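Chemist: Residue numbers (this note's numbering), protein chains in the order written: chain A, 1 to 150; chain B, 1001 to 1202.
Hints listed in this document are in silico derivations from the structure and should not be mistaken for laboratory results. Since we're looking at a predicted model, the values are computed, not measured. Among the hints, a few may not be true.
To list a few chain B residues with every Cβ distance to chain A over 12 Å, as calculated [to be verified]:
hint	residue
1	Ile1083
2	Ala1153
3	Val1191
Within a straight-line C-alpha distance of at most 25 Å, the following computed PhoX-like cross-link-like pairs (lysine-lysine) qualify [what the hints assert, rightly or not]:
hint	chain 1	residue 1	chain 2	residue 2
4	A	Lys101	A	Lys128
5	A	Lys101	B	Lys1138
6	B	Lys1179	A	Lys146
7	A	Lys117	B	Lys1174
Don't be surprised by glycine CBs; every beta carbon is placed ideally from N, CA and C.
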Amino acid sequence: MLKYRNHNSQNVNKKEAIVSAVAFFLLATGITSNAYLHLRHIEKGDYISIGNEKVYIDDIFETCGIMTFEVNEKGVMKNYTGALLSDIINMSHIENPQEHKYVIIASDGYQKTVEWKDMMNGIITEEKRIIFPNLPRAFWIRDVIKIEVM
Amino acid sequence: MRKRIVAMILFGSIWGLLECSLGDYLHSRHLGAGIVMASIAFIFMAYTRYLYNARGMQAGMAAIAAIMRHFNPVGGCLLCASISIFIEGLIFEAIWIIPWHHERSNIVKVGIGAISGYMIYSIGFIATQIITPMIVSKFYLHDLISNLPIILANGTYALLIGAIAFPLIMAIPKETRIKDSLYYAASAVLVAISWMAVIAGI
């Protein structure tokens, strides 16, 4: 009986040790990732870097075509107005834009890669939010700082 | 068995309603919708596993909530949210192959709450980062690698919520004194209200 109890207690201790080790490992992963995000500070400004060029938001809205999309949000129609992304790319002197892919990067490092056909439908608002009416919202990126051309 | 199926539909419907209402509200105000909703999902699943002790029930609940989220006529990223909800159910089932709700050790309860919270949030999020682009355009590995630190960092909050929530769930008394007829009637009404609210776009 005593032997059985000792065996049972050893099993509980082993289980506690394994579960605690996994939980601490995940906690350490989370804390390290938070620290990395704080260290990965990305400079913000009133411009967006496209390839090697800095394109200022004011210039974008003066030069590029402006478009408005109407989106149904909780039964309320919401308008998003912004400059066409394809115009911005053309403004940045990218050669053969249809042959490239575009990596859109937010200030927190979140990024999504899209193709030219998506860029032709997308807009950027004055708040530097990119809206793709033809793509799910995982692709709608806030606080965009950079568009890399691949 | 019948009671468990009704409970699965009931809790899945309430979860789906919360995803469509509270989830959208939090998302539109940038209030950490993913973390809050994954934590609520874990609490629902852990509580029902503790109460009904039925494997597979939580995956069923997740499937119902995912269907409701997908067919909600309004709202944010329906596809990503639906995928994420269903994956959360599968992750829970995978972690809970071992019946953790029978554990008496507080260390194990806190640890399993933490592990479940973190894994449900992180893997659910990673799954949407892979599956959503695969469905709508193309999946790029460099996007996932770049977004991984954000996912792993935010998972910390889900871990802490899970670590606190699970021991509290286990402290809830199991005994209920509801008559069967009342149980089924109340469940039917709540399921109907949840579905009508979702279809109406709440």
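Chemist: Checking the smallest CB distance to chain A, is isoleucine 1083 of chain B really beyond 12 Å?
Modeler: violated (10 Å)
Chemist: Quick one: work out the minimum CB distance from alanine 1153 of chain B to chain A and report holds if it exceeds 12 Å, violated otherwise.
Modeler: Since the minimum Cβ distance to chain A is about 4 Å, alanine 1153 of chain B lies within 12 Å and the statement is violated.
Chemist: Per the stated criterion, does the least C-beta distance between valine 1191 of chain B and chain A lie above 12 Å, as a non-interface residue requires?
Modeler: holds (22 Å)
Chemist: With a cut-off of 25 Å on the C-alpha distance, tell me whether lysine 101 of chain A and lysine 128 of chain A pass.
Modeler: holds (20 Å)
Chemist: Compare the distance between the alpha carbons of lysine 1179 of chain B and lysine 146 of chain A with 25 Å, and conclude whether the hinted pair is satisfied.
Modeler: violated (61 Å)
Chemist: Are the Cα atoms of lysine 117 of chain A and lysine 1174 of chain B separated by 25 Å or less?
Modeler: violated (56 Å)
Chemist: Take a quick look at whether lysine 101 of chain A and lysine 1138 of chain B sit within 25 Å of each other, Cα to Cα.
Modeler: This hinted pair holds, its Cα atoms lying about 11 Å apart.
When held up to the earlier numbered hints, the structure conflicts with 1, 2, 6, 7 and fits the remainder.
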